[in-house]
Amino acid sequence: MNAQQRLKLMREVAVQADQFYEDAQHFGRTAVQSDLKKHQLKNLESIADTALKVSDVLDHIKTQTGKHKEWRQRNFGSDLLNYIHHQLMSRRNQVCGALNIPTDRLEAQTVYLYLIRAFLRQLIAQYEYAAVGDQSI
Amino acid sequence: MKLTQAQLQQIRLISDTDLYRDAERFLTERGVVERSQVQGLQDFARSFSELEQFVKHQSERDWQGRKEHYGSFYKALSQYLQELRQRVKIRYQLVPEDLAKKEAKEQVDFFVGLLAQEFLQHLTSELIYRNI
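Residue numbers (this note's numbering), protein chains in the order written: chain B, -18 to 118; chain R, 14 to 145.
These are calculated hints, taken from the structure and not from any lab test.
For every residue, glycine included, the Cβ atom is placed at its ideal position computed from N, Cα and C.
Careful, some of the hints might be misleading.
Each computed BS3-like pair below joins lysine-lysine, with the alpha-carbon atoms no more than 30 angstroms apart [to be verified]:
hint	chain 1	residue 1	chain 2	residue 2
1	R	Lys114	R	Lys88
2	B	Lys48	R	Lys88
3	R	Lys118	R	Lys102
4	R	Lys115	R	Lys15
5	R	Lys102	B	Lys48
6	R	Lys102	R	Lys15
7	R	Lys15	R	Lys114
8	R	Lys15	R	Lys80
9	R	Lys80	B	Lys50
Reference excerpt, derived from the structure (chain B facing chain R, CB under 7 angstroms, subset only) [stated by the list, open to error]:
hint	residue
10	Leu(-10)
11	Lys34
12	Val35
13	Asp40
14	Lys43
15	Thr46
16	Gly47
17	Thr84
18	Leu87
19	Gln90
20	Thr91
One chain only, chain B, in its complex shape (with noise of 0.2 angstroms):
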């Protein structure tokens, strides 16, 4: 992938990002009224920012869920893996069609890697806002 594809695809990547905002939000108020901690959602948004596969995201979620109960609670952890896989694989599949980018390549994985990091990025920006709006009232 050239410079100029690269840009393409982080163009592409924002445009869908730019759409993530309310359900960043719903997430980060749920993560706050389940009293996840934030080191627990800087810890996965530090393994997405390294991981080099989606599966390293999704069984990082998958083995907080299984051990931690605030992870569960509310279905936090299940709605997030269930959003990654759905939501965020539509949005995956819609930049991999406006690039030409079939989805079983390596550019496919890196653009859903790049949705990943976005949307928690805005996930926990909301749940700070929403952990200081809870600790006000």
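Mind docking chain R on chain B? Use the hints.
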């Protein structure tokens, strides 16, 4: 054996697609086992021949009571590992066809070991998720 960048990328793709779904399907079809069983498998996965021997041994044990299905779990796992071996050679084409027999076998063992580790990682996460 040193992997090329292309081989590493191919293994990551296979892990994200086929192996991830295989692990979910495997537990759905074969039932869950204690997490310690899979952690034991991961310990042996560093050497594929040892993993095969361990799975064979476990499949031949006389499992009783609530662990009665463990035998069929391990038999299915043994079959799955054989299927992975075939995939390495045919579907994924990770090993060049023009290698000598001994070298080809070593490379197949190496790659199937890597894929087995990926599969077992997904299997472990799925087991934990199902809250065993």
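field: Status of the Lys43 (chain B) interface restraint (C-beta, 7 angstroms, chain R)
entry: holds, 4 angstroms
query: Is Lys102 (chain R) within 30 angstroms of Lys15 (chain R), Cα to Cα?
result: holds, 18 angstroms
field: Hinted pair Lys118 (chain R) and Lys102 (chain R), Cα distance within 30 angstroms
entry: holds, 10 angstroms
- request: Report holds or violated for the interface hint on Val35 (chain B), using the least CB-CB distance to chain R and a cut-off of 7 angstroms.
  value: holds, 5 angstroms
message: Can you verify the interface hint for Gln90 (chain B): is its Cβ closer than 7 angstroms to any Cβ in chain R?
response: Where the cut-off is 7 angstroms and the nearest Cβ of chain R is about 6 angstroms from Gln90 (chain B), the hint holds.
message: Between the alpha carbons of Lys102 (chain R) and Lys48 (chain B), is the straight-line distance 30 angstroms or under?
response: violated, 37 angstroms
query: Should the hint that Thr91 (chain B) touches chain R count as held when the rule is a Cβ pair under 7 angstroms?
result: Given a least distance of 10 angstroms, the restraint on Thr91 (chain B) is violated.
- prompt: Holds or violated: is there a CB of chain R closer than 7 angstroms to the CB of Thr84 (chain B)?
  reply: The hint is violated - Thr84 (chain B) has no Cβ within 7 angstroms of chain R, the shortest such distance being about 9 angstroms.
- prompt: Given the hinted pair Lys15 (chain R) and Lys114 (chain R), is their alpha-carbon gap at most 30 angstroms?
  reply: Between Lys15 (chain R) and Lys114 (chain R) the Cα gap is close to 19 angstroms, so the pair holds against 30 angstroms.
- prompt: Given the proposed pairing of Lys48 (chain B) with Lys88 (chain R), does the C-alpha separation stay at or below 30 angstroms?
  reply: holds, 28 angstroms
message: Interface hint check: Lys34 (chain B), Cβ to nearest Cβ on chain R, cutoff 7 angstroms. Holds or violated?
response: holds, 5 angstroms
message: Restraint: Gly47 (chain B) near chain R, CB-CB cut 7 angstroms. Satisfied or not?
response: holds, 3 angstroms
Violated hints for the displayed structure, listed by number in ascending order: 5, 8, 10, 17, 20.
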